[in-house]
Amino acid sequence: MVWCSQVPVPPGASPDQVPGGSTGLLERPDPSRLTVLDRPWQVIVWNDPVNLMSYVSYVFRSYFGFSREKADRLMLQVHQEGKAIVASGQREEAERHVQAMHGYGLWATLQHETGEGA
Amino acid sequence: MARAFKSTPKGFVAGLERAERRLLRTLFQDVIQLLDDDRAAPPATPATDRPGAAGTDRDAFWDIVAGLGPLQDGGPGGTAEGAAPGPGPLPTAAPYRPAPADPALARLLPDGVVGDDGDEGDGEAADRAAGEFRALTEDAVRRSKTQDLQRAVAALQANPVVLTEPEAVSFSRALNDVRLVLSSRLGIETEEDAETVHEVDDWSSATDVESYMALLYNFTTWLLETLMVALSTRLPD
Chain A
1 MVWCSQVPVP PGASPDQVPG GSTGLLERPD PSRLTVLDRP WQVIVWNDPV
51 NLMSYVSYVF RSYFGFSREK ADRLMLQVHQ EGKAIVASGQ REEAERHVQA
101 MHGYGLWATL QHETGEGA
Chain B
1 MARAFKSTPK GFVAGLERAE RRLLRTLFQD VIQLLDDDRA APPATPATDR
51 PGAAGTDRDA FWDIVAGLGP LQDGGPGGTA EGAAPGPGPL PTAAPYRPAP
101 ADPALARLLP DGVVGDDGDE GDGEAADRAA GEFRALTEDA VRRSKTQDLQ
151 RAVAALQANP VVLTEPEAVS FSRALNDVRL VLSSRLGIET EEDAETVHEV
201 DDWSSATDVE SYMALLYNFT TWLLETLMVA LSTRLPD
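Line order of the protein sequences matches chains A and B.
In terms of the numbering used here, the first sequence opens at residue 1 and continues consecutively.
In terms of the numbering used here, the second sequence opens at residue 1 and continues consecutively.
If you are wondering where the hints come from, they were derived from the structure by calculation, not from laboratory data.
Just so it is clear, the structure is predicted and the values come from calculations on it, not from any experiment.
Beta carbons are placed, not taken as given, at the ideal position from N, Cα and C, and that holds for glycine.
Misleading hints may appear alongside valid ones.
[To be verified] Selected chain A positions facing chain B (Cβ under 10 Å, derived; list incomplete): (1) W46; (2) D48; (3) S54; (4) Y55; (5) Y58; (6) R61; (7) A84; (8) I85; (9) G103; (10) W107; (11) A108.
[Said to hold, decoys possible] In silico lysine-lysine, DSBU-like type, Cα no more than 35 Å apart, as pairs: (12) K70(A) with K6(B); (13) K6(B) with K83(A); (14) K83(A) with K70(A); (15) K10(B) with K70(A).
Construct all of the structure, not just a fragment, from the sequences and the given hints.
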C-alpha cells in the first residue's frame, strides 16, 4: 500500500479541484469481510495511439516521482500490452490520481483489485 | 519556420512566428470553447469573437481551424456506448453524469471507471460507477484544462516564447489536449491511423479539411515532442 512519498499535487490542480477525501464514489467493501487495505484500488493507464511516449514518461516521472527507468518501463508496458497499473492504494488517493491523469490527457481508470492475481 | 523548444537558463524557449502563434492560439481557444460548450450545445459551434477569424485571405483555412468541428456527421471515432443522449441513467442515490456525446469532448473527459478489457459499455455497474466518478471529477478536470489552455494562449504573445517550468508543463498539457481533439476529428484510433496522418507533411498540397487537420496535428505533435525532450532534462533520473 505504498504510495510514492513524493507525489506532488499536479501543477494545474488546486486543492479545491480534488474530490473531498471523504466523498464516496463506489461502494465500499463490507468492512466485516475485508478492509480497503486488503484490496487496494488500482490506477490503470490505457494505451492510445495519440499520447507521445515522451509525454507519458514525463507525466509518470514528474507526477508520481518515478525514476526514469520505472517510468519508461511502465510507459512501454502501456504501449505494448495496452495498459499498466501505475499505482495502487487507498481509494481516495487512487481517485485523485485518475483525475490528475485525465488532466494530463491520459486515459486512466480506477479499479478495485479483484483479489488473487488481479 | 518554428524553432524547437529548448531548455535554456532563461527557461523553455521556442521560436514561433506570428502566424504560428496565431494558429496555436486559435487551436487553444477552440478547445476552450469545446470544453465550455457543454452538453447542451452542438460540438461544432464556432466561436464568433476569435481574433483573426476574419480579414484573412485564407478564410477557408481558418474556417477549418475554427471550431474544430467534426469532419462529417457521425464522424470518425464514434461515441462510447452509454454516452449517447437518450433514456437517462437508472435512478441512483449518488450523483451521476453521462459521458459527453461529442467524441472529441469524450476524449478530453474520459471515463474513470470501465468494465473488464476497457470496454466502456461493459456492464451496468461499471457504467454507473463511471457516471458517478464523472459527477465528482469532471467539472474540476474541465476547469484545470481550461486554465492550462488560457495560460497557453497568454504565453503566445511574443516571440520567442519563453516559459518557466510550471508554465511549460501547463503548456504541454494544453498542446496535448489540442492533439487529442484533432486526433478525434481525424479518426485516429490505431497506430496505423496515426502513421497515415503522420505521413501528411506538405502544406502546399493540402487542399482539404482532413489534410489541414493532419498538418496541424503533426505540427503540434512536433512542438510537444521538443518540449517534452527539453522538460525531461530537468528531472532527476
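Going through the hints against the structure:
no., hint, result
1, W46, "holds (6 Å)"
2, D48, "holds (8 Å)"
3, S54, "holds (4 Å)"
4, Y55, "holds (5 Å)"
5, Y58, "holds (5 Å)"
6, R61, "holds (5 Å)"
7, A84, "violated (12 Å)"
8, I85, "violated (13 Å)"
9, G103, "holds (5 Å)"
10, W107, "holds (5 Å)"
11, A108, "holds (7 Å)"
12, K70(A) with K6(B), "holds (25 Å)"
13, K6(B) with K83(A), "holds (31 Å)"
14, K83(A) with K70(A), "holds (15 Å)"
15, K10(B) with K70(A), "holds (30 Å)"
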